[in-house]
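There are 4 protein chains.
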Amino acid sequence: MPLTGARKWLNEVIFGTDTPAGKYFDVVLISTILLSVGLVLLASVESWWVRYGDIFFALEWFFTALFTVEYLARIYCARDRRSYVFSFYGVVDFLAILPSYLALIFTGATYLMVIRLLRVLRIFRVLKLVRYLSDANLLVRSLWQARRRILVFYSSVLVICIIFGSIMFIVEGPKHGFTSIPTSIYWTIVTITTVGFGDITPHTPLGQAIASMTMLIGYSIIAVPTGIVTAELAHELGREKQLARCHNCGRAGHDANAEYCKHCGYKLEDFEPVTEE
Amino acid sequence: MPLTGARKWLNEVIFGTDTPAGKYFDVVLISTILLSVGLVLLASVESWWVRYGDIFFALEWFFTALFTVEYLARIYCARDRRSYVFSFYGVVDFLAILPSYLALIFTGATYLMVIRLLRVLRIFRVLKLVRYLSDANLLVRSLWQARRRILVFYSSVLVICIIFGSIMFIVEGPKHGFTSIPTSIYWTIVTITTVGFGDITPHTPLGQAIASMTMLIGYSIIAVPTGIVTAELAHELGREKQLARCHNCGRAGHDANAEYCKHCGYKLEDFEPVTEE
Amino acid sequence: MPLTGARKWLNEVIFGTDTPAGKYFDVVLISTILLSVGLVLLASVESWWVRYGDIFFALEWFFTALFTVEYLARIYCARDRRSYVFSFYGVVDFLAILPSYLALIFTGATYLMVIRLLRVLRIFRVLKLVRYLSDANLLVRSLWQARRRILVFYSSVLVICIIFGSIMFIVEGPKHGFTSIPTSIYWTIVTITTVGFGDITPHTPLGQAIASMTMLIGYSIIAVPTGIVTAELAHELGREKQLARCHNCGRAGHDANAEYCKHCGYKLEDFEPVTEE
Amino acid sequence: MPLTGARKWLNEVIFGTDTPAGKYFDVVLISTILLSVGLVLLASVESWWVRYGDIFFALEWFFTALFTVEYLARIYCARDRRSYVFSFYGVVDFLAILPSYLALIFTGATYLMVIRLLRVLRIFRVLKLVRYLSDANLLVRSLWQARRRILVFYSSVLVICIIFGSIMFIVEGPKHGFTSIPTSIYWTIVTITTVGFGDITPHTPLGQAIASMTMLIGYSIIAVPTGIVTAELAHELGREKQLARCHNCGRAGHDANAEYCKHCGYKLEDFEPVTEE
Numbered sequence: 259m260p261l262t263g264a265r266k267w268l269n270e271v272i273f274g275t276d277t278p279a280g281k282y283f284d285v286v287l288i289s290t291i292l293l294s295v296g297l298v299l300l301a302s303v304e305s306w307w308v309r310y311g312d313i314f315f316a317l318e319w320f321f322t323a324l325f326t327v328e329y330l331a332r333i334y335c336a337r338d339r340r341s342y343v344f345s346f347y348g349v350v351d352f353l354a355i356l357p358s359y360l361a362l363i364f365t366g367a368t369y370l371m372v373i374r375l376l377r378v379l380r381i382f383r384v385l386k387l388v389r390y391l392s393d394a395n396l397l398v399r400s401l402w403q404a405r406r407r408i409l410v411f412y413s414s415v416l417v418i419c420i421i422f423g424s425i426m427f428i429v430e431g432p433k434h435g436f437t438s439i440p441t442s443i444y445w446t447i448v449t450i451t452t453v454g455f456g457d458i459t460p461h462t463p464l465g466q467a468i469a470s471m472t473m474l475i476g477y478s479i480i481a482v483p484t485g486i487v488t489a490e491l492a493h494e495l496g497r498e499k500q501l502a503r504c505h506n507c508g509r510a511g512h513d514a515n516a517e518y519c520k521h522c523g524y525k526l527e528d529f530e531p532v533t534e535e
Numbered sequence: 259m260p261l262t263g264a265r266k267w268l269n270e271v272i273f274g275t276d277t278p279a280g281k282y283f284d285v286v287l288i289s290t291i292l293l294s295v296g297l298v299l300l301a302s303v304e305s306w307w308v309r310y311g312d313i314f315f316a317l318e319w320f321f322t323a324l325f326t327v328e329y330l331a332r333i334y335c336a337r338d339r340r341s342y343v344f345s346f347y348g349v350v351d352f353l354a355i356l357p358s359y360l361a362l363i364f365t366g367a368t369y370l371m372v373i374r375l376l377r378v379l380r381i382f383r384v385l386k387l388v389r390y391l392s393d394a395n396l397l398v399r400s401l402w403q404a405r406r407r408i409l410v411f412y413s414s415v416l417v418i419c420i421i422f423g424s425i426m427f428i429v430e431g432p433k434h435g436f437t438s439i440p441t442s443i444y445w446t447i448v449t450i451t452t453v454g455f456g457d458i459t460p461h462t463p464l465g466q467a468i469a470s471m472t473m474l475i476g477y478s479i480i481a482v483p484t485g486i487v488t489a490e491l492a493h494e495l496g497r498e499k500q501l502a503r504c505h506n507c508g509r510a511g512h513d514a515n516a517e518y519c520k521h522c523g524y525k526l527e528d529f530e531p532v533t534e535e
Numbered sequence: 259m260p261l262t263g264a265r266k267w268l269n270e271v272i273f274g275t276d277t278p279a280g281k282y283f284d285v286v287l288i289s290t291i292l293l294s295v296g297l298v299l300l301a302s303v304e305s306w307w308v309r310y311g312d313i314f315f316a317l318e319w320f321f322t323a324l325f326t327v328e329y330l331a332r333i334y335c336a337r338d339r340r341s342y343v344f345s346f347y348g349v350v351d352f353l354a355i356l357p358s359y360l361a362l363i364f365t366g367a368t369y370l371m372v373i374r375l376l377r378v379l380r381i382f383r384v385l386k387l388v389r390y391l392s393d394a395n396l397l398v399r400s401l402w403q404a405r406r407r408i409l410v411f412y413s414s415v416l417v418i419c420i421i422f423g424s425i426m427f428i429v430e431g432p433k434h435g436f437t438s439i440p441t442s443i444y445w446t447i448v449t450i451t452t453v454g455f456g457d458i459t460p461h462t463p464l465g466q467a468i469a470s471m472t473m474l475i476g477y478s479i480i481a482v483p484t485g486i487v488t489a490e491l492a493h494e495l496g497r498e499k500q501l502a503r504c505h506n507c508g509r510a511g512h513d514a515n516a517e518y519c520k521h522c523g524y525k526l527e528d529f530e531p532v533t534e535e
Numbered sequence: 259m260p261l262t263g264a265r266k267w268l269n270e271v272i273f274g275t276d277t278p279a280g281k282y283f284d285v286v287l288i289s290t291i292l293l294s295v296g297l298v299l300l301a302s303v304e305s306w307w308v309r310y311g312d313i314f315f316a317l318e319w320f321f322t323a324l325f326t327v328e329y330l331a332r333i334y335c336a337r338d339r340r341s342y343v344f345s346f347y348g349v350v351d352f353l354a355i356l357p358s359y360l361a362l363i364f365t366g367a368t369y370l371m372v373i374r375l376l377r378v379l380r381i382f383r384v385l386k387l388v389r390y391l392s393d394a395n396l397l398v399r400s401l402w403q404a405r406r407r408i409l410v411f412y413s414s415v416l417v418i419c420i421i422f423g424s425i426m427f428i429v430e431g432p433k434h435g436f437t438s439i440p441t442s443i444y445w446t447i448v449t450i451t452t453v454g455f456g457d458i459t460p461h462t463p464l465g466q467a468i469a470s471m472t473m474l475i476g477y478s479i480i481a482v483p484t485g486i487v488t489a490e491l492a493h494e495l496g497r498e499k500q501l502a503r504c505h506n507c508g509r510a511g512h513d514a515n516a517e518y519c520k521h522c523g524y525k526l527e528d529f530e531p532v533t534e535e
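Chains as they are written, first to last, in my numbering: chain A, 259 to 535; chain B, 259 to 535; chain C, 259 to 535; chain D, 259 to 535.
Just to be clear, a hint being listed does not mean it is correct.
Said to hold, decoys possible - Per label pair, the in silico range of CB-to-CB distance: (1) A:H434 with B:H461: 21 to 29 Å; (2) A:V286 with C:F352: 33 to 41 Å; (3) B:L464 with C:F352: 19 to 27 Å; (4) A:H434 with B:P432: 19 to 27 Å; (5) B:L356 with A:W402: 39 to 47 Å; (6) C:I288 with D:V343: 49 to 57 Å; (7) B:G431 with C:I288: 33 to 41 Å; (8) D:V343 with B:L464: 28 to 36 Å; (9) D:F344 with C:Y334: 51 to 59 Å; (10) D:L356 with B:L300: 18 to 26 Å; (11) A:P432 with C:I288: 51 to 59 Å; (12) A:Y359 with B:H461: 32 to 40 Å.
As the list claims (entries may be wrong) - List time: in silico DSSO-like cross-link candidates among lysine-lysine, alpha-carbon distance up to 27 Å: (13) D:K281 with C:K433; (14) A:K266 with A:K281; (15) C:K281 with C:K266; (16) C:K433 with A:K433; (17) D:K266 with B:K433; (18) B:K281 with B:K266; (19) B:K433 with A:K433; (20) D:K281 with D:K266.
Simulated from the structure, these hints should not be mistaken for lab results. All C-beta atoms in this analysis are idealised placements derived from N, C-alpha and C, irrespective of residue type, glycine included.
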C-alpha cells in the first residue's frame, strides 16, 4: 500500500535524500546530533558541569525532546513500521533517547551522577552518521570478504599473547609489576601492538630479551592484517570500476586501470559507484 | 591394517571431524581446553588464589584427569601410534598433562609456588586450537614462501639495532639509563619497533637527535615486512582461487578476480579452498 | 605581453630553473631558507637566547631584509603580478616576512616574547621547499584520488574513539586519570594510533580488558589506510610509466613493468615523469 | 695475471665460497665475528667488567690478532690489492681492527674507558655478515628504485614535524616540558612515528587536541612508505621470477605467478635468483 498525503511527504523528507527538503532535513539532523554529542562531552568536564550545570541540563532535555519527536515521526511515516523499529537504526534511534527518560525513574541522592553516566550512552547517536556516508561500503565489503582470515589472525595473536604473557609472568614476576597472568597478557598486548604505555616494563635482562623478541614478532605480525586488507581492497577497487557505468554513455565493463570510457572516450574520473544488494 | 570395532569408532570420534559425534567431540574438547586455560590465568591472580585456592586445586586435577584419559584414548585408537606420539600435537598433548604430575614428585615447602609455575606450561594446550582452523594455511604458506626475505630483514634490523644501541650507549651513557650496550640495544628495539615504553629516554640534545633518526628509520623499515607479506599474500590469494573448484560443476582454473564460474556461471563466493600436501 | 630587458632576465633567474643563473639562485635561496629556519629553532632554546640574543636579533633582521627584497623582486618581475600575490606561494612569501615587521608595531614590555612567538610563523618558509620537489606529485595525486575513502576512514576512527573514550570514562573514572570524556577520547586516540604515551593508563581489570580490545582494533585498523594508499599508489605508478616518454626515441605507451623501451630497446630506468594539469 | 700456488689456494679459501674449504672458512669467520661482537656487548656491562675485566682484555687482543692476520692474508691473496683495500669491505675490515691498536697510543689514566668506547666501533664487523646473505639484493634494489619517493616522503614528514613542533612549543610552552622548538620537534617525531615515549606529554586541552591531530596524521602517513615499498617490491618480485632460470632445463622467461617451468614442467619453487651488476 503506497503512502499518501502528509505521511508520504513526511516520509520523503525524513527517510528520503532526493528532494531539497529531504537533503536539508539530513544536514540539520546531522548538525543536531553532533551538537548533542558535543554537549555530552563537555558536560563530563568537572569544572564546566559545576559552573554551567543548569544550562547543560536544559539543553539535555531540549535535545531529548527533539529526538523523541523525530523518533515518533519516523515511526508514523515509515513504510513498514515494524521493520523500522527493529532495524539497526530503529534500535539506535530508541537508545539515543532512552537514557534521559531512565534518569527520571532512578531519582534520588545519586541522581546527578547517574544521569551523567546514562547520558554517555547517547553517544550511540553518532552511529547515525554512518548512514550518510555511502562510500563506506567498499571498506566494509573488503573487511567482510577477509573476515575468516582476520579471525584466524586474531586467534593466532591471542594465542601468542597468552603464551608470551605467561612466560613474562614467570620471568619477571609480581615484584616488577607483572602481578598476574591476565596483567602479563595485558602487557603483551600493549607491547605486541607497539602501543607501549610503559606502566609495566621488564627489569631483568632475560625479561628485556623476551620483551625484545615480543616486539620484533609484533613488528612482523603488523604486516599480516595490512597484507590481508590490501589484497582484498585492491581486488574490490578493480571490481568497483569494472561494474561502474560511464556518465556519458551509461555503459559498464571498463578495465580496473581505465581512465576514459572505452566506448565513448568520456573521462571516468568521477564515475558512480555501483551499489550492490 | 584397517581399524575395527570400538577402536575404529573411537578413532572417528576423536580424530575425525566428519561424523556428528566427531564434530560434537571437537566442540566439547575446545571448550574444555579454553576453560582449563582460563583457570590457569585466574589462579595466577594473588587475591583469588588465597581465597579460592582449594577450588582451583580441585579443578586443576579434574582437567588433568580428563586430558590424561583423552591422551591415552588418542594413543589407543591412533592408526599409527608411534607417529602420533612423536607428531607435533602428540608432544603438545603430552606437555599439557605433564606439569600437574611433575608437581607430585617435587613436593615440599615450595610446593605451591612450583605447581603454579609448572601450571603455566599448560598454556600449550591452547596450541591445540590451531588444529581446528583450516584457513590458517594460507597465512602460514605466505609466511613460509617469504621465509628467506623475512630472515634477511630481521638480520638487517638486528645489525641496525646493535649499531644504534652502541652509539646511544656512548652518547647518553649510564647516567641517563643506558647502563650497558645490551640495555641500549633493548632501548633501540623498543624505539625502532615504535613501542616506546619510556622507561629509558634520551636526555642530551645529541641523544634526542639520534633517537629521532632511529625512529624515522624504524618508520620506514616497518614498511618492508608489510611489503613482503602483502606481495606473497596477493600471490597466494590469486593462486587459491585459481585452484578452487566451482560448487556447481566442480571445474577449476578460474581467474584470480573471477566472481562467477566461467564454465557454468555459478557464483564462486564461498568456494572450497584447496588443501595442499 | 612578453617581458623585456632587466625584468625578463630577473624573471628567468627568480622564477625559472632552466638557466644556470636560475638554478644557482634556487640553491642559494633554499640554503638561506634552511639557515633562517634553523635560526628560529636555535633562538627558542632559553640558554642560547640569553647568551647570543643580540646575534640572533641581528641575523633575524638580516634574513627579514633579504626575504623582503626577494618578495619585492618577485612582484616586480612576475608575468602576472596579481595572480602571483594571491597564489599559494605568494601568500607564503608574504607570511614569511610579516612577523618581524609586526613585532615593530607591538613593542613594549613583552616585546621579546612576542617577537619570539611571531618568529615561529616564519617556519612557513619551509613550505617553499616543496616547490622544488617535483616527485611529490605522484604521492599527492595518490592521496587525492583516495580522498573520499580516507575521509570515511577518519570518520569511522573518530566515532570509534568517541564511543571507546566514553566507555573508558565510565569504567575507569576521574580517579585513574580519565578526568573527562574529552580526555578519555584523547587517551583512546593515543592508544588506537599505537602511540601510547603512558601519561594516562587503565588500572582496573575491566579497563585493561577494554584497553586491550581498543589496541587490537587499532592494530587491525592501521591496515586500512595502508591498503587504500597502496592500491592507489600501485595504480598511479603503473599509469606514470605508461605515460612516460623514452629518452632515446621519445615515444610513450610502455607497460607498467617495462624495463626497456619497446620501440627502440633503450633502458627506461630514469625516464621523465609526465606532469599533468 | 692469474694467481698461482699458495696465493691462489688462499684466495679460493678466503674470498671464494665454492670449495668446501672456502665454505668452512666463511662459517668459522662469521662465528668468530659474532663471538667478538658479543664480547664487546658483555664487556659494556659494568658489573661484568669489574669482575672479568682481565678475561675480556685478553680475549679482546686474541680477536684483534686473529682479525689482523685475516686482514693481512686478504691483502696478500687479493686479485687486485688496491681495489680490495679501498672497497667497502676492505675499509670495514680495517676499521674492525683499528680501535684496539689506537688504544695502545692513547694510554694513560682514562685508558680503560677509552678502549671501551673505541671497542664499540668493532661493531662494524657485523656489517661483514651482510656479504653472506645474497637474498638481501631484492630488498636493497626495491628500496633503491624507490629512493626519490622516499626522499620526498621524508622531506614532507620533516616539514610537518617542524611546523607541528613550533605550534606545540607556543601552545604548551616550557613549563609542560616543551623547553625549546628543537625539543618540541623531537616530541613531534616521537609522536608522529607512533613511538610515544611519554617523557614529554601535552597537559593543556588545546595541546592534547593538537597532539591528537598529530597522531591521526602520523597514522595515515605510516601508510605512504608501506605503499611505496610494497609497490616496488611486488614489481621486483615479479621481475626476479621472470629472469630466473629453471633448474631442469635452464630456460628463463616465466610468468610472475608461474609455479612450474613452462618449457619442461619442472617445479620452480627454489629457483636461483639472478644476480645483476
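We went through each hint and held it up to the structure:
1. Checking the proposed 21 to 29 Å range against H434 (chain A) and H461 (chain B) shows it holds: the Cβ atoms sit about 24 Å from each other.
2. Separated by about 39 Å at the C-beta atoms, V286 (chain A) and F352 (chain C) satisfy the suggested range of 33 to 41 Å.
3. Checked against the hint of 19 to 27 Å, the C-beta distance between L464 (chain B) and F352 (chain C) comes to roughly 37 Å, which is inconsistent with it.
4. Between H434 (chain A) and P432 (chain B) the C-beta distance comes to about 20 Å, which sits within the given range of 19 to 27 Å.
5. The supplied range of 39 to 47 Å is met by L356 (chain B) and W402 (chain A), whose beta-carbon atoms lie about 42 Å from each other.
6. Taken as a hint, the range 49 to 57 Å is violated for the pair I288 (chain C) and V343 (chain D), whose Cβ atoms sit roughly 38 Å apart.
7. Here the CB-CB span from G431 (chain B) to I288 (chain C) is close to 37 Å, well matched to the stated 33 to 41 Å.
8. Separated by about 32 Å at the C-beta atoms, V343 (chain D) and L464 (chain B) satisfy the suggested range of 28 to 36 Å.
9. The hinted window of 51 to 59 Å between F344 (chain D) and Y334 (chain C) holds, with their beta carbons roughly 53 Å apart.
10. A C-beta distance of roughly 58 Å is found between L356 (chain D) and L300 (chain B), which places it outside the suggested range of 18 to 26 Å.
11. Distance hint for P432 (chain A) and I288 (chain C): a CB-CB separation of about 58 Å, consistent with the stated range 51 to 59 Å.
12. Under the hint 32 to 40 Å, the C-beta atoms of Y359 (chain A) and H461 (chain B), about 56 Å apart, miss the expected range.
13. With a CA separation close to 64 Å, the supplied pair K281 (chain D) and K433 (chain C) exceeds the 27 Å bound.
14. At most 27 Å may separate the alpha-carbon atoms for a hinted pair to count; K266 (chain A) and K281 (chain A) meet this at roughly 16 Å.
15. Between the alpha carbons of K281 (chain C) and K266 (chain C) the distance comes to roughly 16 Å, so the proposed pair stays at or under 27 Å and holds.
16. A hinted pair counts as satisfied when its Cα atoms are at most 27 Å apart, and K433 (chain C) with K433 (chain A) qualifies at roughly 24 Å.
17. For the hint linking K266 (chain D) to K433 (chain B), the alpha-carbon distance of about 53 Å lies beyond 27 Å, and the restraint is violated.
18. For the proposed pair K281 (chain B) and K266 (chain B), the alpha carbon gap of about 16 Å is at most 27 Å, so the pair holds.
19. With a C-alpha separation of about 24 Å, the suggested pairing of K433 (chain B) with K433 (chain A) holds against the 27 Å cut-off.
20. About 16 Å separates the Cα atoms of K281 (chain D) and K266 (chain D), which keeps this hinted pair within 27 Å; it holds.
The structure fails hints 3, 6, 10, 12, 13 and 17 (numbered hints given earlier, in ascending order).
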